[in-house]
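2 protein chains.
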Amino acid sequence: MARRSMREQIVDAAVDRFHARGFNAAGVKDITDTAGVPKGSFYNHFSSKEDLAVVALEKYGASRRLQDLEDTSVEPLVRLRRYFEFLRDEIVDLKCTRGCLFGDFGTEIVDHSEVIREAVGQSLQRWATALSGAIREAQETGTVSADIDAETMARFILNAWEGTLISARSDRSADALNPFFDVVFGTLLR
Amino acid sequence: MARRSMREQIVDAAVDRFHARGFNAAGVKDITDTAGVPKGSFYNHFSSKEDLAVVALEKYGASRRLQDLEDTSVEPLVRLRRYFEFLRDEIVDLKCTRGCLFGDFGTEIVDHSEVIREAVGQSLQRWATALSGAIREAQETGTVSADIDAETMARFILNAWEGTLISARSDRSADALNPFFDVVFGTLLR
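Chains as they are written, first to last, in full-length UniProt numbering: chain G, 1 to 190; chain C, 1 to 190.
This is chain G alone, in the form it adopts within the complex:
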């Protein structure tokens, strides 16, 4: 495997530290320590923690596996369910101690940083668009009702997922994920 550049090491550490601690509590030194690079090297690569946060959001976004939502070899409703099961398993593996970096920044920092606000908004929009594609396919094949348009439904379901993570972290319990699966796959998409 090719050796990661110092910049890549900092970005990976930032995703981990921002995800674990949030924007304000994750300091530059915490991030460079986690990356195993000198703190002084930070400003060779990034102009600010805010600048790094935007790159970290992109890197985190790439781990959301949006391509799985576009895999037309899998029946759209099966694909949607598997997709949220992937998200669920990730959270359960972390014992419900982390949420979604988009939602984290979307509550903590979007009111205070215009560049992060725009990056979170675009990240959520890309995600909703990928979801809406699979929902639209399911509507076209008649497996899902077309009463609500696919974009509206996608954004609603994504919002519901983000809020579900708040419940799961607050209860520190995977049971808090059940209402999402019950309502989304028992009522909304069926």
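Everything labelled a hint here was simulated from the structure, so no lab data went into it.
Do not take every clue at face value.
One copy or two, either will do: identical chains are not told apart, so a pair holds if it fits within one copy or between any two.
Taking lysine to any residue pairs in the SDA-like style, the calculated list, with each CA pair at most 25 Å apart, reads [claimed, not checked]:
| # | residue 1 | residue 2 |
| --- | --- | --- |
| 1 | LYS59 | LEU87 |
| 2 | LYS95 | ARG126 |
| 3 | LYS39 | ASN24 |
| 4 | LYS49 | ARG64 |
| 5 | LYS95 | GLU118 |
| 6 | LYS39 | ARG126 |
| 7 | LYS95 | ASP30 |
| 8 | LYS29 | LEU188 |
| 9 | LYS49 | ARG172 |
| 10 | LYS49 | ASP30 |
| 11 | LYS95 | GLU151 |
Fit chain C to the supplied structure of chain G, relying on the hints for placement.
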């Protein structure tokens, strides 16, 4: 009107500062300055910022008007819609620059403070219980389907609301609230 005690002034300022800035970014001095009291007076009333945060959550919770959800003089479905319109109007008045204090703490700080985690969990549970009462009434009168039990539906809708606020803040647009009303009152509760 009775003069508020110094403790009440600090709690009111804390709700405002935590809501505007989050737990980490709202410092004790910021809170006491907003309250118009000397910083030194803080520790006469609270042992820590964490201790104050729990009291601020209670105060914020009292402003959620849960009693409106229990007003049986109003038809349950009308009551539920009016309730979320009250929450929506509050956010629109703030130009979508704040969310819900439960959701804010539920992303930023619950993984790092056991007492705050428990307080957020209980706050959300109380809210879901109040919502489920109105949903159950609507199910009993036959205006809402009983396919999904009232507690599950209440928690799901509350989660969806919390996530909707993330979208509204990230887009800084009241339009981001529409999918919630379209799906909740167009499909789930009807």
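message: Are any of the numbered hints broken by this structure? If so, which, sorted upward?
response: The structure conflicts with hints 6, 8, although it agrees with all the remaining ones.
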